[in-house]
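Q: Reassemble the complex: the two chains are provided individually, in unrelated frames, and hints are given to aid placement.
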Amino acid sequence: MNKPYLRWIVYAVLLAGLIAFPRVASRYWTDVAVFFGIYVILGLSLNLILGEVGLFNMGHAAFFAIGAYTTAILSTQYGVPLAWLFPLSGIVAGLFAYVVTRPIIHLRGDYLLIVTIGLNEIIRIALINNPWGLTGGPNGLLVLDRFTLFGWSARTPADFYYLTWGFIVLIVIALVRLQNSRIGRAWNYVREDEVAAAAMGIDVRWAKSLAFTLGAGLAGAAGTLYAAKIRIISPDSFTFSESVILFTIVVLGGLGSIPGVIVAAGALMVLPEIFRDFMEYRMLVFGAAMIVMMIFRPQGLWPSRRWVRELETETTPGSAGSPPKPGAAAPAARSDA
Amino acid sequence: MGIFTEQLINGLTLGSIYALIALGYTMVYGIMRLINFAHGELFMLGAYVGFTLLMSQFATGAGPGLLLLAVVVLAAMIAVALVGVTVERVAYRPLRHSHRLTAVVSALGASILLQNAAMLLWGKRYQAYPVEFVPAGRFELLGVHFTAMQLIILATALFLMLALYFFVQRTAIGMAIRATAIDHDTARLMGIDINQIIRLVFVIGPALGAAAGVMIGLYYRQIHYTMGWAYGLKAFTAAIMGGIGNIPGAMVGGLLLGVLEMLGAGYVSSAWKDAFVFIILIGLLILRPHGLLGERVAEKV
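Order-wise, the sequence lines are chains A and B. With the first letter of the first sequence counted as 1, position 68 gets the number 67 in numbering that gives the first Met the number 0; the numbers rise by one all the way through. With the first letter of the second sequence counted as 1, position 253 gets the number 252 in numbering that gives the first Met the number 0; the numbers rise by one all the way through.
This is chain B alone, in the form it adopts within the complex (with noise of 0.2 Å):
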């Protein structure tokens, strides 16, 4: 107990944020063979727009009720998912038969632009995140102690990975999504409609990235416009660290990346954590090249 359960709880919290937002990277990825470098900035944008909900007229005077939350956050899911559509559309479907590179970069263009439009938007100070609508409270599970937060962050992200994973799976546009990943010619030849399928897989991501970002800003309770970046990275990493381009692998991966970046800032140092998870990245890699549950997809010629 102590430290380990503490920190594996922190973990916990921390992964199936992370997890969220991977499953982005790898919905995008195993679809279009692109890294969405402008996805840590929705993610962003999602706790910008809940921020602004909850300093809003719409959310004074309300006391602290899942209701209200479920709201602000399927409102900023819907916001999101619209800028992320049209990130898709300017920037990336001109670029879908060009270089890869040509959309890395332009990529990382939609990346800088959106960074900047929020710091023009919200100001560049650190916002202090509205946590009163949050009920207070610990419990106590089979010896573990949950703080309220903790226990509706992994609820809901485990909610929102069980929809997902069922949607893909189970249902005939998850299939579409599934054959779109394996070979854009021969779904199409199927009566996929490829642009449909990418449109849908650009509201999923960003969706479920801007339910992550209300969720860090609720869980640190401070946000800033720069910090797109740093969870994108961590979230990117998870989804490589789980195989790229498969869905349970970006959850498994967020968690793993969650539980093992709090582990090592607590045994190990705080101040070398983000080190930790790259050298850990790098070790994977080079042992298991495809990630932990990915197919052998790149050494095939």
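If we strip away everything but chain A, and leave its shape as in the complex, we get (with noise of 0.2 Å):
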């Protein structure tokens, strides 16, 4: 894409068709457009701690589940409105990954994987367990509330279609103009070579405890889109295969790339609902279609040009054994293990 009206002759189609959606689809497909939409939220979020800075963070359905549940409990205890839980959310849950990530930040690759599975299951297990009587146990909690903004209120699907799709038109340009910010910046630095960012006066530290704040903050706000949408909101929705999607949703799409977190969320969300007729066969080929996505496009279905542009540098002769340079921690663990 060269000339630039082009760009925006497709951005104006696209828009286009996202309004038009709702009033040609039926229903139950506007509905699957709203779940879709949650998804690539998720992953747009995910992809500020994964994609941008390389932190493996595979415990994110934690953060989704702090904001559902904050949602839930506020509004149905307190009576808060949901509008104003959108944000509050988001903000308790990206100042509980604040605190929480703080002293695990500098855990590397394969050890802050770990750590982000237990804290997912630390969260699940809480919730369960129903502390202080605030989660409602294995069955969870209702929302009984509507979503209002301004006197108009959330009722039928479309309504939701057009709030979800609405505020991803939204985070998708600031996640735009955060990634070619400074700071977008730095978080690449940090992800190809912590030690050379540091040396460039990155604060390290900072950067992902960055990430790790605006990722759970927006997954946080998704929370509450859900926990809205739903009505109702129990621990089984916030599993560690959750998380596994999530992540998926990011390496599929390619790291660090905000059109491939859509069209990834995308092929897992509105696949398997065109293959429902093979319910008990779904998640099996799901599975061997992971395996088979990852070995035949590693790159992801639409890696980021930053991103494409490193991985043809990488391949220099000489290289065939030892593991390729974007992993971090792996080249590092290698040569001294």
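Since the hints were derived computationally from the structure, they do not count as laboratory data. It cannot be assumed that every hint is accurate.
Said to hold, decoys possible - Simulated coverage check for chain A against chain B, where a stretch passes if three residues somewhere in it have a Cβ under 8 Å from a Cβ of chain B:
id: 1; region: 109-116
id: 2; region: 202-214
Unchecked claim - Lysine to aspartate or glutamate pairs mimicking EDC-like chemistry, simulated, CA-CA at most 20 Å apart:
id: 3; chain 1: B; residue 1: 123; chain 2: A; residue 2: 235
id: 4; chain 1: B; residue 1: 272; chain 2: A; residue 2: 235
id: 5; chain 1: B; residue 1: 272; chain 2: B; residue 2: 5
id: 6; chain 1: B; residue 1: 123; chain 2: A; residue 2: 279
id: 7; chain 1: B; residue 1: 123; chain 2: A; residue 2: 276
Said to hold, decoys possible - Beta-carbon label-pair distances, calculated as ranges:
id: 8; chain 1: A; residue 1: 229; chain 2: B; residue 2: 134; range: 46 to 54 Å
id: 9; chain 1: B; residue 1: 88; chain 2: A; residue 2: 281; range: 20 to 28 Å
id: 10; chain 1: A; residue 1: 269; chain 2: B; residue 2: 88; range: 28 to 36 Å
id: 11; chain 1: B; residue 1: 118; chain 2: A; residue 2: 141; range: 28 to 36 Å
id: 12; chain 1: A; residue 1: 27; chain 2: B; residue 2: 158; range: 54 to 62 Å
id: 13; chain 1: B; residue 1: 168; chain 2: A; residue 2: 90; range: 48 to 56 Å
Being a predicted model, the structure only gives us computed values, none of them experimental. Ideal Cβ placement from N, Cα and C applies to all residues, glycine included.
A: What follows is the structure, encoded as structure tokens:
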């Protein structure tokens, strides 16, 4: 896309399609599009952590859960309107992430991965055990309030559709701006080489912490949307397999790639809907597809341009025996394990 | 005595099973720097293969007998080792030189695939494990009570762990495994066939996991197709606690985790016992980032 006006035409067509969709599609598919949208937000939020900074977070569902439960608890017990809870859940989830990741943020690669899985499990077990009678145990909580904004309230699937996708358009713009900012470049630098980044004056800890906080905050806000839409939340919605799906969305889409996340979320959410008739075999095929996709498209469905440039410089002869560089922690561990 | 020794014995039994599973994780990680997420599923498959054999014609009519159990465990180990080698060939080898996250996702895919294959083969319900082949009875040793089952599990696990330890430390092939873990390129220059070593690791790890699967079935008397993930996660936690990539570390970590979990269940709360395990893991990683017996690896650049 060398011609700039072509790019704007593509954007205009996409936006028109986005607006027209619920008028054309059935209620059922509009609903599917809402959940697809929620996964897009979650994928984008994890992409900040995993894609941009390369922090292996496989417990992202925990932050989503914090957002959804904050919404449900404050809404039912204290009558806080859902529209206020939208930012508030994000702030709570972000603060939570900031506090809990502080002591573990220095952990590398797979160590961070296992700790975030553990975090996910701790949250899920805590929700099931109903601390102080807040979370409703295994049955979860009901959300009775409706999402109301300036007198407009979300009732039909189309309302939720516009709410979700309107929010996505806003955050995509914000995230693209962020990617090209000082912060975005610092994040990528940390991902590629922590030591060099630190030597260039980047506060590595701060950069990682910021990514975790922002990513978790966004996931928390997605939690409010989810709670408002589905109206009953239970610990089953925030299991490790949820985190695995989000992790897969980001890697499958292409690390650090915003369009990649959207395409991958679509593939993972919409394709199973199409193959509903093969219920029993669905997950079998899903697992096989994950392997096949990684073998034939390791760079992701829609790799980010920065990433492609890096991959091209990676394939130097003589490196056949050792894993390529972008693993960050891998080469360090390789030589002196 | 009383609750403490009882939970200690329960913990050691469970811990020795965790240790067997953890060895599979730690060996694969040591050689390939890959968390083999499918390993928990291989363990689960071992339990199901053992289940099928014990329920089949072959076992009917046979009374309690250690020989029969040994044959079943061995058969499960062989069957699951074949699956393990296949998983490596299909899902991991093509990705050996690509970004490590792609291998992680491929491993997760293999895990989902195997789990659902088991669901389709053996059904969604819990299966009651046939335990009539295990000799009944209780023993007392130094004032501590064991059941025969616990004794068999502990002895078998200990035997397998010692066998592995001597294999890796004292044989030429074991030396090749250790060399490969340190540096693939140099090992290759020394004439070691890396592919063979990786294949061997994918025979040993899954075979140990399968033995652990049969033990869990016999010990808890029921199995389910989703159990691979829960035990796999605990075992991986144990491997990290001991220092990932370190074989004695996985053994120590497994036993420690089993004991801590059972003591936590006995004294604190059994509803929170799984959370307890992860809290300990996080605490340990903050204090000793490379595990109990781990070498300082990741921070060298």
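Q: Count the residues of the region 202-214 of chain A with a beta-carbon closer than 8 Å to any beta-carbon of chain B: does the count reach three?
A: violated (count 0)
Q: If you draw a straight line from the CA of residue 272 (chain B) to the CA of residue 235 (chain A), is it 20 Å or shorter?
A: 19 Å, holds
Q: Quick check: does the Cβ-Cβ distance between residue 229 (chain A) and residue 134 (chain B) fall within 46 to 54 Å?
A: 52 Å, holds
Q: Need the status of pair residue 123 (chain B), residue 276 (chain A): alpha-carbon distance at most 20 Å?
A: Measuring from Cα to Cα gives roughly 18 Å; hence the hint holds.
Q: When you take the CB atoms of residue 269 (chain A) and residue 88 (chain B), is the distance between them in 28 to 36 Å?
A: At 32 Å between Cβs, range holds.
Q: Quickly compare the C-alpha distance for residue 123 (chain B) and residue 279 (chain A) to 20 Å and report which way the hint goes.
A: Holds: residue 123 (chain B) and residue 279 (chain A) sit about 11 Å apart, inside 20 Å.
Q: Given the range 48 to 56 Å, decide if the beta-carbon distance of residue 168 (chain B) to residue 90 (chain A) lies inside it.
A: 54 Å, holds
Q: Okay, residue 88 (chain B) versus residue 281 (chain A) on CB: inside 20 to 28 Å?
A: 25 Å, holds
Q: Given the hinted pair residue 272 (chain B) and residue 5 (chain B), is their Cα-Cα distance within 20 Å?
A: Status holds; Cα separation ~17 Å.
Q: If you count the residues of the region 109-116 of chain A with a beta-carbon closer than 8 Å to a beta-carbon of chain B, do you get 3 or more?
A: This one holds; 6 residues, not fewer than the three required, reach chain B with a Cβ under 8 Å.
Q: Could you tell me whether the CB distance from residue 118 (chain B) to residue 141 (chain A) stays inside 28 to 36 Å?
A: Holds, at about 31 Å.
Q: Is the straight-line distance between the alpha-carbon of residue 123 (chain B) and that of residue 235 (chain A) 20 Å or less?
A: 18 Å, holds
Checked against the numbered hints given earlier, the structure breaks only hint 2 and satisfies all the rest.
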